[in-house]
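Engineer: Bring the two chains, given one by one in their own frames, into a single complex with the hints.
Taken in order, these protein sequences are the chains called A and B. Throughout the first sequence, residue numbering follows this note's numbering, covering 1 to 332 in sequence. Throughout the second sequence, residue numbering follows this note's numbering, covering 1 to 746 in sequence.
One thing to keep in mind: the hints can contain errors.
Heads up, incomplete: computed chain B residues facing chain A, CB under 10 Å, no partners named [claimed, not checked]:
no., residue
1, P68
2, S273
3, F659
4, N673
5, A682
6, Q743
Covered by chain A, per the in silico footprint, the following chain B stretches (three or more residues, Cβ under 8 Å) [said to hold, decoys possible]:
no., region
7, 125 to 136
8, 612 to 624
Read the hints as simulated data drawn from the structure, not as lab findings. These numbers come from a predicted model, not from an experiment. All C-beta atoms in this analysis are idealised placements derived from N, C-alpha and C, irrespective of residue type, glycine included.
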Amino acid sequence: MQGFAFQRAADAAAAIALGAGAGTAQQGARVRFLAGGTTLIDLMKLGVETPETVVDINHLGLDGIGRAADGGLAIGATARNSDLAHHPIVLAEYPALSQAILAGASTQLRNAATTAGNLLQRTRCMYFRDPASACNKRAPGSGCPAIGGAHRMLAILGTSEHCIASNPSDMAVAMLMHDAVVHVQGVGGARQVPLDDFFLLPGDRPERENVLEPGDLITEVTLPPAEPGARSCYLKLRDRVSYEFALVSAAVSATMAEGRIVTARFALGGVGTKPWRIPAAEAILAGQAPDAALFRRAADLALAGARPQRQNGFKLELARRCLVHALTQVTA
Amino acid sequence: MSATAEAPPMRIIGHPQPRIEGRLKVTGAAHYAADHHLPGMLYAVPVGATIAKGTIAAIDARVAEQMPGVRAVLRRGSFPALAAAKPDFASVADLEGTVYVDERRPPFDDDTVRYYGQYVALAVADTLEQAKAAADAVRVTYRAEAPEVDPALTAGEMTVKSERGDPDAAFAAAPVTVDQRYGMATETHNPIELHATIAAWEGDSLTVHEATQGVVNHRNVLAAMFGIPREKVQVISRYLGSGFGGKLFPWTHSPLAAAASRQLGRPVKLVLSRPMMFHAVGQRPAITQRIRLGAERDGRLTSLRHDYVNATSLLDDYEENCGEATPHMYATPNLRVASGLAKRSIGTPTSMRGPGAVPGLYALESAMDELAIALDMDPVALRLKNEPPLDQGLGLPFSSRHFQECLTLGAERFGWARRDRRIGSMARDGLTLGWGMAACSWLAERFPCSARVELRADGTARVAAAVQDIGTGTYTIMAQMVAEALAIPLSRVEVALGDTSLPAGPVSGGSMMSASLVAPIQAAITRAGEALVALAAGNPAAPFAGAKAGALRFAEGRVAAAEGNRQAVPFDQLLRALGQEAVSGLGRAEGTFPPKEKPTHSKHSFGAHFVEVTWQPELARLRVSRVVSVIDAGRILNPLAARNQIEGSIVMGVGMALFEETDYDPRSGAPVNASLADYVVATNADAPAMEVHFIEYPDTHLNALGARGVGEIGLAGTAAAIMNAVYHATGIRVRDLPVKLEQLLG
Ligand SMILES: Cc1cc2nc3c(=O)[nH]c(=O)nc-3n(C[C@H](O)[C@H](O)[C@H](O)COP(=O)(O)OP(=O)(O)OC[C@H]3O[C@@H](n4cnc5c(N)ncnc54)[C@H](O)[C@@H]3O)c2cc1C
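One chain only, chain B, in its complex shape (with noise of 0.2 Å):
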């Protein structure tokens, strides 16, 4: 690991710290979102459309209706219709306005069926088994129509995102090209928390705990589904048994349950079943892209476009912005990168590990290893070749990219000189090796964000801020940022989130949460220490009486005079002497994104990934034996967090390449292995040995302690790298994730 040399040495940020909230979560004493229990809670089970197109032609709910325990049977114009939410992406830049959702329609808008697992009905029963019975015994009746599943995804337009020089003209004249395309199946979250909703109301105030992403978000959804005022709605949303992108926005499950809850004046828990998890709670859609390279002999690339299509759902337009990374990634003057949607009977797709940048360098990347063996070149010579001077894409300088060591120390660590190029070459206990390599990228944004910093009379102090911990680390890294700020251990930090009531805060997406967090919560301890230097000034008891406030400096969790050798009283023992119990102080920080204006620099994260795969062709068997990643994030937080965050993406990765596949049924539209037993995830037994290593430029172009997210970065490329290991070793380029073994059966 290489530090830098401005950096001040720190106690407790840049060191591993175990999760804070770890003890909570083994023990079982962590609370998410279904784990609660209210008086007089009634359960609600969701009735799922069998069809994927079409419309309800009857709802035959006697029978439910009858059944022990059962409350109502909610369907259309049960309730009064609720609002659509006018998402606005841009708006996600609005702290306290943000109002974005990916499926727009309300549900029970209407009786028409757009993808199969709609929702069209909602049991409400004394008890879950109740709940569930009713469900099953309502009759819905419908006029199917033939589904739109065709599974070739042509645009009827495509949309220009980037644009540089005559790519056409510099293909045409390339002395060495590649074009293919790539194809992604769909994908879905499958994070181990089930969505769940508990939702109450007082009145006319909605309390929901609900397993979000983005609590202020969902709040204002649901004020603005519901028509009423913003503060009379609270969410939370404390732990997160993961997300992965799948609850960033809110779904349609959420208001069914406030709605209910509202209609039978009850509080009203809604978890959705695993199969469910298929259905309404979004996917990364099936994607098809072409890569087209043009290049010189020596390997300079003249020409690159990038042109892609992901299936969207019939209703909305959600774009897999797959070019994210393509135009600032290597130099090449000529250039465009275009997107297009197929609209299908599917359900709205939404954010997924690595949205846009993830696939989109899975198919750039191995169109770069299809290139170095065109051009017969070692490919990572090939992308330290195409070095770019600055982001080409943006006209912009990099506000930091190391990129060019992640490949050389990546190759050093990894052992890439050993490599023989030639297919199926190398072997080892009798297995064939094969390996590959791929680059990643990961923008680094900032949301707006604002926290509360509460300085207390017994030595702790809380930090507040209304966002979440999906189970990345982001509890801990709020104590250790206020802990090493306030020169206290970071046992003394209490930590308040995923609750609307405290000071607003972004969703937790984009690998930006931990970034957007330095600005306010530095601020906010810098107007508690104004708050503590002016109580101690006008106070005649303390320890500073007489000296005027300017006169005296907060740092590091103590007091001093500015002049004079009066000795530094650290917060608690100030507050002591003052009498008072706590003083605090709000931060609040502007984002970067989405961008409101012009900005001055390319923020992104780099990274490089060595893949080592072993191949048994007898039994046509394949694994993925050893990864080495090399990651560009700036300063990294917590070592411990952070690797574990690329190991996690990792194994997605392996997932992303050999595993995962939502599978359609051809007629009928509906995903058929919805279950944790035939959607194939990797299990701890596939997980390759891992070294990962960060090299540590601090961004301060982004925040002051240089600190970029360390996530998606992770998955970035890793499909990408196993699969050009893969061909390395079987000699078989398969360019449809994921690959299946037959495909390698030869």
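Next comes chain A alone, as it looks inside the complex (with noise of 0.2 Å):
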């Protein structure tokens, strides 16, 4: 770990102006924001995140969870993911929030981390994590060794000839799925971005993953009223049972009628360098009786292009089952 300075923002406005000064807020940014703690002293300690100045953003209130104006959620930047998960709102309106939270990490990781800190947290691709090696995401132009090495876990949606890196939040998909919108504050005054939008594609500049600029501070995750009647769940599948990342997971909720589908979205998790939602497989469901064969359909269209490596062409047909699975019991 390399040396830092440890400053406590007296408010929003200083940690933004702190950050300003970082010339970029991806990798290798020399100011980082401190919320839960558990991505970022981690890979300073693997000496993968080496910034100059760290910034305590824990006590500056960002830590609600309530209603939205819109009857929705507002979700503090700030707020535990244990907290989020365990809210009455979330338990009652948005169980697979819930559910993907409580699949993530353990009791003790999900008691510090944080909602901004959770949708920022980094990929755990093996090469990424280990300064000796290289890796087009942490030192861009030294190469990609996780193609052609260990790559089991690691993505086969939105990959490129740099970075194959995949995703690892289990909660930013549950997210996706509810059309979850991301507050930021920056110099330039406060936006809205989509989750969809947030996230970047690695292309050939894998170092930029999402659309923060130096001095962005997220302030809070809102996710629109859900869909009255709908059901939805978060299922995960991994090689044990628990404390280990997604090779795949799937985020879905759907509201039936006369037994067929009125409305149905889903996003995917492990497969994709950013949590993966294609609207137009969800839209062939609309209207269809809950059928395998249907379901199946509309992973295929969810996984088209698809360009697995060696050892992980499985995540096609596990994610296909997955899939398949969660969106037979939301729709039984």
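Structural biologist: Here it is in structure tokens:
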């Protein structure tokens, strides 16, 4: 770990001002906000993150969870993952979100981890996490040893020849399915970014993972009101029973009338370089009677264009089965 | 549980006893090696090679040396070269003289890099953070070569380990045969406690706090490497956050810390990081095994061949002794076991969780399942059919073998009779069930050991030996033995261990510690009793004034006159009457391992595991749901600890079958999943419901209590039983561990 200066921002504006001096808000940022620290400190110990300044944002009053103005859900940036997962509104109206959070990490980690920190957690690609190794995301231009190396856990969608790192977040998958919006405050004022636009594909700039600019502080995440009568769930598949990142996962939600699907939405985790959602794949479900073959067609649409590597081709079939199973559950 | 007739009733031994040191551990009061802080202590962080093969071209430490708090960046030539320890495995049988290491090359011995992570420099600073920062700032340039990483293991030559009859002809003539290869990935021990050394010199004396499973051997190796008398070295290991074999023998970080301490004249602490736990402290190597079985149609084995090759490092010849159990497991007139090595650019392998027989029985017991299917025979019946009359490998009778009872009792407890042999035919709650079973065996031997027992006037006793408690319950077992023999409560026994200043003891390995302690502790108590009797006889003030020593006897903690109706006097009462603080006795017993002469019996524990897995094909979700294990391990000294050992082993078996694999990058040779997030071990949630039964036939060939060790036996066979159950559920026979769900997707 490299030495760093530790600051407590007096308010959001001060945090933003400190962050604005960072040069970048992406890999290599000289200033980093500290929320739960479960990603940041870990990566600093590994030497993957080397900020000169760490700015504590835990006391800025960004930890509320409650009704948004539109009747949806407003989740503070520093609300703890555990508090969110067990919140009565979430349990009643957004169960897939609760299940997604509880399927991740461990109790201790979830007690520390925050909303914004979770969205900004970094890939678990083992080469990214090892500074002795090349990695285009960590050291742009140095190469991608994961292609041709160990990549069983990594992405099959949204990849490029420069990077196949998967986004590991469970929470983000459920939020994406719920049309979450990220609220950002920066030097130029406040803005709102739909979650699907928040994450960037690696392309030839894998070190850029999202739209944040120096100084940008996530203040909250909002979800629109849950559809009345919808049933939702999160299904995560992995090698061991608990405490492991997803091989594949699916967040699904559906409303039914007279044995037919009225609306259905889903997002996939573990397969993409970002949480993966294809509205066109959801669209074929509306008006149909639930049926495994139909669900498989939707899965195929969502997974179209997948580029598996030697070790992770199985994720295609596993993702199909995961989605079919989850959709079957919420439409039964 | 069936107890035997002759066993005398006991109050403490054989009864469940919670760990006597448990409270210290859960309250944080037990100090493990890395918990020690010495005045003026410096911190050392090794720099590991980032290539797997080649030579060091240059080490540039100029920046690191100028960093705050940095005392030195040591490398080859920074201190007098250390001697190689000249290890001899047979020396393990030598109580005071044991000198063994798996990685023989002393650290910094040359500029050649032979595996990824090999230490090339050592940063030493005032704080851990400074030392880590300095280690990261050391720039090493290499002349890299292509590492030997070929995952296909082939050996230049095979060594025959056991042979009888004509296995080739018998195989060719057999009406039913199995010929399969079984692979196992590299596994890394991953105890939660990291390897740690704290070294401090005082003049020419060295004291080392070390996370080790063998203080005496560790002391001797350090003495040899530094060329100083053993008496000048003290090694301490009072508590161990487990080792699983990885801490049996010294690794290079320990002499490095000691050398740094001598060089800088200050105590030095060196704690490995989790990634380093995958580099230079051993692992179970990758193994490939081929099993050929020939049988008559009625199931009788006519031929058994077991060939195995394990990866080893470029410099060392670690052999994974996979054929250990093969010659004695089943009756067959024709057999050959042969082994070979494949040199790879990896750190030196070492003993891990049942070295040898555990991987060996994975292969043999998988093949037996395949044979049962080829014969259309029940796998339990097949094993019952092949019970040997004696150990046909050694030509010796078994000291005590109750394998058939393990099979029948296990089958009964598990409900095996309800098994439908057809693939995927059993179900519960919408899940497909797979039922499988396998047998296990583990050697039952003793190391040489000594112990001192002190009887004190306050009614307490102290037992001391330079052995270790690696988390398995040795503290408690020692206290039980003394409390039982002296007829005092367990709470009145103090146990001292893990320190070379105590009477010498062996390494904690091979599940042999409990069995090794029985005789020396009994002898020590006898000697202490003799000393007490001698004092009593010679003292006019004492209750037995005038009695001849020969007319007094010491038993159950009391002295009594052999004749007459004088009352027996407890040792503490007698000591007080004599005005003595304490008496003590030293006991010592020879070992049986490695054998110095031909033994009279084949001594092994046996058992059988019955496993249920659940399988959800639509999600490729596999879980181990239920395990019944029946273990024949002699007298069980502490049922609580013994059950704990077997349950822990079963959970390790789940890891071996389903999860554990050290993943070496095919180009760089680096173990890339060197973290607890990426090296997947079983969690609590992966643990099945477990039912453990001990059938207790005291094996008095081994010691007076008839106790064998209980540990590794629980892991032997478990992975095979799981994989046999997986086959029963899925119809897919995976012969490479660990099984991955993609292999079962269909
Ligand atoms: C062992 C382990 C297992 C795990 N398993 C899982 C799992 O199974 N599933 C899963 O989804 N996750 C898992 N995680 C990841 C975990 O969910 C994340 O580490 C956690 O959510 C990060 O939140 P944090 O508040 O601790 O983030 P921090 O570490 O504090 O921050 C992460 C990043 O976000 C930035 N940041 C934080 N807040 C803001 C803000 N308001 N505005 C702008 N930038 C900000 C920080 O500067 C930093 O770069 C695991 C983590 C560990 C260590």
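Engineer: Against the structure shown, which of the earlier numbered hints fail to hold, in ascending order?
Structural biologist: none
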